[in-house]
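Student: Protein chains in written order, with our numbering: chain B, 1 to 478; chain C, 1 to 533.
Covered stretches of chain B, as calculated for chain C (at least 3 residues, CB under 8 Å):
{"hint": "1", "segment": "381-391"}
{"hint": "2", "segment": "398-404"}
{"hint": "3", "segment": "408-421"}
These are calculated hints, taken from the structure and not from any lab test. In this text, a Cβ means the ideal position worked out from N, Cα and C, and glycines have one as well.
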Amino acid sequence: MEPILAPESIDLIALAPVLVLSVFAMLVLVLDLWGGRNKSLLVFTSLVGLLMTAISAFAKHPIPAYSFNDSYIVDHMSLFFICIFTISSALAILLSVEYNEREGIQAGEYYALILFCTVGMILLASSTDMIMIFLGIEIISICLYVLAGIRRNDHRSNEAALKYFLLGAFATGFLLYGMTLVYGSTGSTNLFKIAEFVQNPSAQSSPLLLMGLVLLVIGFGFKVASAPFHMWAPDVYQGAPTPVTAFMAVGPKAAAFAAFFRVFAEAFPEMSSSWEILLSIIAVLSMIVGNLGAIMQTNIKRMLAFSSVSHAGYILMAVIAKSSLGSSSMLFYMLTYAFMTFGVFGIIIILGRKGEENLEIQNYAGLAYKHPLIALSMTIFLLSLGGLPPFAGFVAKFYLFSAAIQEGLLTLVIIAVLNSAISFYYYLKIVVFMYMKEPEAEFNISLTPMTLFVVLIGVIGTIQLGIFPNAIITLASH
Amino acid sequence: MFLTFITFLPFLGAVCLAFMPKENVNAIKQTALAVAVTDFLLSLMLWTNFDNTTHKMQFGLNIPWIEAWGINYHIGLDGISLLLYVMTTFLTMICIIASWDVKKHIREYMIAMLALSTGMLGVFIALDLFMFYVFWEFQLVPMYIIVGVWGGPRRIYASIKFFLFTAVGSLLMLVAILWIYFHIQQTTGVATADILYITEHLDVSLDASKWLWMAFFLAFAIKVPMFPFHTWLPDAHVEAPTAGSVILAGVLLKMGTYGFLRFNLPFFPQASYEFVPMVAWLSIIGIIYGALVAMVQEDLKKLVAYSSVSHLGFIMLGIFALNPYGIQGALIQNINHGISTSALFLLVGVVYDRRHTRLISEFGGLAKIMPKYTVCFMIVALSSIGLPGMNGFVGEFLILLGIFQVNGLWAAFATSGVILAACYILWMFQRVMFLELKNPKNIGMKDMNTREMITIVPLIVLIFWIGLYPNTFMKTFDASVNHLVSKVNPDNFKPHQEKHKNSQGEHAQLVTPTEMASLNQKLQMPKKVLIKE
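Throw the hints in and build the complete structure from the sequences for me.
Tutor: Dropping the structure here:
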């Protein structure tokens with residue numbers, strides 16, 4: 001019998017990370033049958049799977065390489081993103097172990113869902129075809145809908161899942177509609193072919209295509225939680241289990257930005273005059289709404305949700321810059337954002353106990369004098385999120401702003417720096433509570449080893465990338 | 001490497017303190033003091049090894065830091081930064097002695113103090129814009145913590161106000177830094193943020209340089225603080241603990257004036273020249289307004305804080321006289337203000353420790369029960385007024401001399417500030433020290449103890465030293481000031497001379513002869529002028 005060979009256009013080595021991770025995810029599902037209540041085998045398998053994925057991503061040489069008729073690409077950006085995804089998923093899994101035990105989340109498919117979600121993210125960041133982008137987004141979204149609602153007995157978790165699902169489905173509709181319009185007017189779903197097509201000036205003014213672009217902006221805008229499509233973020237962030245919140249804030253967002261960048265900066269750079277202004281408005285709105293919204297919050301998870309909206313605004317500047325410096329600054333930003341975010345959420349988990357999550361900001365009062373190291377780590381993360389040197393957040397912002405300035409987006413950068421100044425207010429508010437107020441009650445914090453390990457990684461990453469960022473910048477800027 | 005070591009020694013000390021047991025209060029204080037004293041002595045070694053005859057950077061070190069961006073760890077000291085650097089280590093030492101009786105979280109306090117010291121030292125040695133910005137922002141955090149944790153009743157408000165004011169200004173400076181970075185890359189093909197390279201090669205149109213100048217100005221003017229950006233200062237000073245106020249007045253404000261000398265003037269000489277009237281008037285308003293407001297204060301610390309606004313107006317005026325007298329005066333006045341105002345804050349701290357109030361109306365007649373205190377206070381007060389023979393006189397005299405050469409009217413206005421200073425200081429002195437000892441709560445007050453004397457006496461020695469023999473200090477920055485003035489001298493920008501200079505100067509290669517010819521034609525310059533020059 002003839003062996004079944006894949007068609008030539010399908011390069012399985014290029015696809016290795018997706019395949020490896022899918023296999024491991026299914027393995028986790030199967031292993032769940034034996035483990036019983038002890039999930040450590042699942043955790044171990046998942047982590048090994050993520051490691052193998054990261055390694056297998058580098059199997060393809062030379063890059064850029066294409067597969068599936070140019071709809072899947074292995075290039076510098078996708079490789080870097082795969083590293084971000086595997087790191088962030090691994091950190092999310094490490095955060096989950098003790099949290100799930102504490103909160104009684106028994107579902108073994110939890111870990112499989114995170115892995116499948118990561119598969120979706122890899123697909124999304126590597127796709128150069130609208131269909132693939134849509135597939136990636138759907139894989140991610142469906143996993144996240146389930147993950148957000150995995151605490152079935154908690155009404156907030158249910159609310160989060162339902163809200164995310166309804167609004168997410170709606171946004172997917174917009175995205176798909178936008179894709180069909182683009183396909184209708186350009187005759188292709190492939191980003192390279194679209195780019196070729198829109199070089200023709202007469203094609204650029206087609207109302208159908210412009211309409212399609214607007215719908216794409218709305219769809220992506222929702223997925224990256226940028227204002228005014230951010231309404232879901234605070235509720236979902238608050239309601240979802242904390243490790244899932246951290247996971248959502250980093251990986252899927254980074255993947256959506258990768259696709260956002262590919263579609264707008266690589267397929268439609270010729271039409272930048274039409275979408276630039278729209279994206280600029282969204283970026284500015286995100287920064288302002290995010291920062292002003294965060295000031296009002298007393299719940300730390302909601303505050304971080306708004307802060308992530310403002311960060312989406314900053315990162316959008318990289319898309320608007322649409323240069324190679326823009327893409328590398330986005331890569332660097334997402335990596336630092338991963339360390340800071342997992343660190344912060346790790347501390348939020350540490351502060352909580354079973355049945356008492358201590359999510360209000362006043363729960364942090366006086367923390368610095370009971371647990372100085374925890375408070376110091378939190379301070380480092382918050383200042384870094386605000387963009388204060390010598391932490392990673394500053395270097396990332398410096399990188400991002402310099403990409404924008406290089407493209408002459410001076411006004412946007414000025415708005416962004418003023419917003420950074422506003423953001424200090426609410427980040428410092430937590431520092432004020434930790435250092436300058438007396439504790440209101442005894443701290444019963446759960447100092448569990450895995451969570452502390454994640455916080456430690458966060459601290460190391462935040463400081464390392466802040467003081468010696470050279471190696472990573474070199475990697476990001478190929 | 002030596003300079004790096006001195007700069008980061010306090011930080012290392014802070015790290016060591018973090019590992020010491022909280023209960024061992026004495027060991028913590030002694031370690032902190034030992035670190036600070038060592039650092040001060042080592043920085044004195046820098047001074048003795050300093051070559052006064054050159055404006056070039058000394059003790060330099062230049063190693064790659066972020067190679068991908070062409071950013072280096074480039075440090076060095078010249079005449080402008082040397083004294084500020086030494087003063088920082090000196091005041092850190094004084095502050096640690098002055099904070100000996102802090103009860104609350106002493107370990108954290110000392111850690112913040114030492115970390116702050118490294119941040120401030122870093123600002124003065126950084127010769128790379130990126131690095132400068134890192135230190136400039138970094139030192140905000142420990143200062144913010146010091147005000148916010150160990151401050152007075154409204155400390156949280158004051159500390160956040162301090163942080164946000166400075167952050168807004170410096171973030172706009174960041175935009176300007178980025179712009180310069182790319183501009184340099186485009187015009188010279190070198191990706192660098194090196195301050196010396198930029199000083200030499202920055203070539204921007206006047207319009208652009210005005211915007212950049214404004215961005216830097218905002219950052220430094222808030223820090224100085226100049227009127228109308230001064231509102232954070234009284235709050236921060238009043239709420240800060242004594243040592244916090246000393247560092248704030250002694251060093252942090254000097255970062256602003258240092259920034260003007262290091263960036264605004266050498267980077268944008270022509271824009272600086274254009275903005276002289278604006279800065280001068282703002283400074284004059286600051287001098288008079290600060291003095292008038294100081295006069296009506298009921299709180300001793302607030303009075304000193306507003307007197308700072310007034311004194312810093314003098315320094316700014318000196319800098320923007322753009323001549324040797326003015327800038328020398330400004331530099332020496334930087335030091336004077338650091339000494340006199342720090343001493344005033346320490347002295348206010350002495351009575352505050354005893355009475356827990358700073359209201360002038362609560363005191364009166366202290367001379368009868370605290371003779372040592374009264375003498376110290378009088379010397380410091382007189383030095384703050386600028387009595388001849390003391391340090392304040394030297395600086396103010398030079399500044400007035402410098403500004404008089406530019407504009408007599410400005411000098412006249414500024415001089416009124418000296419008179420007003422005498423009014424508010426002497427009036428305050430009279431109400432606190434003389435009159436009758438009416439308030440029964442004051443009767444049991446003890447005179448200054450040995451520790452308090454140790455903090456004040458070195459400052460008093462310096463007051464007389466600078467007042468009687470300023471040359472020890474002046475000679476360190478002579479060469480640097482002359483070099484700076486030769487670059488920013490307004491004469492360079494009078495139209496005919498600018499072109500003249502370009503045809504022979506360092507930038508000659510940038511202007512082709514044909515361009516020169518057309519420019520000359522445009523200006524319709526008579527040939528005679530060229531020949532005369």
